[in-house]
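One point on numbering: in this note's numbering, the residue at position 69 of the sequence shown is 79, and numbering is uninterrupted.
Hints are computed from structural coordinates only; laboratory data are not their basis.
Just so you know, not all the hints are guaranteed correct.
[What the hints assert, rightly or not] Using 30 Å as the maximum straight-line C-alpha spacing, the simulated DSS-like pairs for lysine-lysine come out as follows:
id : residue 1 : residue 2
1  : K113      : K368
2  : K368      : K380
3  : K267      : K383
4  : K327      : K75
5  : K368      : K383
6  : K380      : K406
7  : K80       : K267
8  : K327      : K113
9  : K327      : K267
Predicted, not measured: the structure shown is a model, and the values here were computed from it.
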Amino acid sequence: MTNSMKLLVSLLLTVSLKGVASFSCTETTSARSTSTSKKRDALRPTNTTVDRALHTLNLFSLPPKDDNYKLPGEALVRECWRWKDSKLGDGRDYFVPKPKALKAYQSLFLGMVIDVVYIDNNDDYSPVEVILSMPSSDSTVRLPIYSKFNTLFDHSETCSCTFEVVECVALSNCARFETIFILEEQQQQTNIYQRQNITQFTDIAGRYLTAYRLHQQVSSQRTKTSSLLERAGLTSWLDLPEAVDTQSNLDSNLSDKQCSEIINLAQRLLSMDGALKISSHLSLISGGLAPRPNRPDREVIFRPYSSRDAHILLQLKRTVEVISVADGEEDGLESGKRSINSRGRIKTLLDGALSAGKAARNEDIVPEIKQLKEYGSDGTPPRGVADVVAQAAIEKAIQPSVESCVARLTAMETADDITQLRQRVNEIASSIIQDSKDGANIAKMANELLHQPTILLREGKLPRSEIESVVKSIENELRSRLS
11 MTNSMKLLVS LLLTVSLKGV ASFSCTETTS ARSTSTSKKR DALRPTNTTV
61 DRALHTLNLF SLPPKDDNYK LPGEALVREC WRWKDSKLGD GRDYFVPKPK
111 ALKAYQSLFL GMVIDVVYID NNDDYSPVEV ILSMPSSDST VRLPIYSKFN
161 TLFDHSETCS CTFEVVECVA LSNCARFETI FILEEQQQQT NIYQRQNITQ
211 FTDIAGRYLT AYRLHQQVSS QRTKTSSLLE RAGLTSWLDL PEAVDTQSNL
261 DSNLSDKQCS EIINLAQRLL SMDGALKISS HLSLISGGLA PRPNRPDREV
311 IFRPYSSRDA HILLQLKRTV EVISVADGEE DGLESGKRSI NSRGRIKTLL
361 DGALSAGKAA RNEDIVPEIK QLKEYGSDGT PPRGVADVVA QAAIEKAIQP
411 SVESCVARLT AMETADDITQ LRQRVNEIAS SIIQDSKDGA NIAKMANELL
461 HQPTILLREG KLPRSEIESV VKSIENELRS RLS
């Protein structure tokens, strides 16, 4: 990929995948979830909370191998790649999806509760550990964020920010191994510094959870001998959910070496957050325009007529079919545990990526790709020509798909707010109508006044904190018509 092409892709992504080696933070506060165990009662909430959860989108990717072995945790990174190849697919060009095995792997994350713990030192908050727990189990895992940090800190000086994994999917193919989470904040904070640093909290939570589960799988494999199927080389073609260790409980007695390995892996993982960045990333993958973590030295050339490159579309379709979501219709939505609007975000992301990949290969949408048709399915076009066509595909296919996807995700996050706003205003209007002889005009006026704030909410431009003032303003305007 040429420099101009790399620049174009980086602009679309807004910010590249990042590897975090330090997690210092200042001016943040947090709260404790009511679902946390008694072992965490020492964690104290420090802020006023609201009763609506906030959802964040996070992606964590296994990093490329370091052939010079200069980066920490390289041995474990390579073991993770080997485990992925053995249990979820071995990296062939025509990758065979394994939905049952992926579902088993995703079950390790779904419903997991993560506390990110901070020390409160005169309004200077420093992260010290991550606590992992599963509501169905009494066991917890405490992971220090720094390998040489003294874990015997005073819990009376700590606060925590708590998240639950409510959606999860793993994108595993010949070139990458990525896990996507929807993290639901258990008690949303109103403090401005907390809100400004929420992406750092979710990054710490997701990266340590991912590192712990991968380390757990690799450790389990270390103690087992190869099966007959593995020795015969047949596992790469079979979908074996039992190949993923889902029986091991959370281990609360990790050795110093195990903790160090998890910390190193957590810091090596690549991460991305937010609807725009993740949607752009997945759309570039679907369009055959994204770098390959498992093959960083392989040049990325846009080949819209290549059946090998287009195979990613089949992989994404199979991935959509195995998305794991907490509280399905049978137990969550009907019992009122979780709003229907808290589901389906990952499916929206992947559907948007599929649309982008198809559009990038559609001659009616991107007629410029016809310049590459003469090179067929297996031919490689000149890089200069491919880059020009790739730029057209990004502008005409990828970017519109990303914008549409982000708009849908924003609408999903604000749907409950819109319902609440309209319900409250309608109740006020009904009350006013009882005292008025002009009920029809009052109702019409209420709808007119609701129009603009509804649009702003749908576009994510009206903060939740301002909904109350909007309701008051509409009420005052309606009542003024009675005078």
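Margin query: Would the hint linking K380 and K406 be met if the CA-CA limit is 30 Å?
Written below: holds, 14 Å
Next item on the list: Mind checking the alpha carbons of K368 and K380 for me, to see if they're no more than 30 Å apart?
Entry: With a Cα-Cα distance of about 15 Å, the restraint between K368 and K380 holds, given a limit of 30 Å.
Item checked: Proposed proximity, K267 with K327 (alpha carbon, max 30 Å) -> violated, 40 Å
Note to self: Hint check: K80 vs K267, CA-CA at most 30 Å. Holds or violated?
What the structure shows: holds, 19 Å
Notebook entry, point to check: Taken at face value, is the distance from the CA of K113 to the CA of K327 at most 30 Å?
Noted result: holds, 14 Å
Next item on the list: Decide if the proposed pair is consistent with the structure: K267 and K383, CA atoms, cutoff 30 Å inclusive.
Entry: Not OK: K267 and K383 at ~54 Å, beyond 30 Å, violated.
Item checked: Hint consistency between K368 and K383 [alpha-carbon to alpha-carbon, up to 30 Å] -> Measuring from Cα to Cα gives roughly 16 Å; hence the hint holds.
Check: For the pair supplied as a hint, K327 and K75, is the alpha-carbon distance within the 30 Å limit?
Finding: holds, 28 Å
Item checked: Restraint status (C-alpha distance of K113 to K368 at most 30 Å) -> Given that 30 Å is the threshold and the Cα spacing comes to 26 Å, the pair holds.
Hints 3, 9, counting from the list given before, are not met by this structure.
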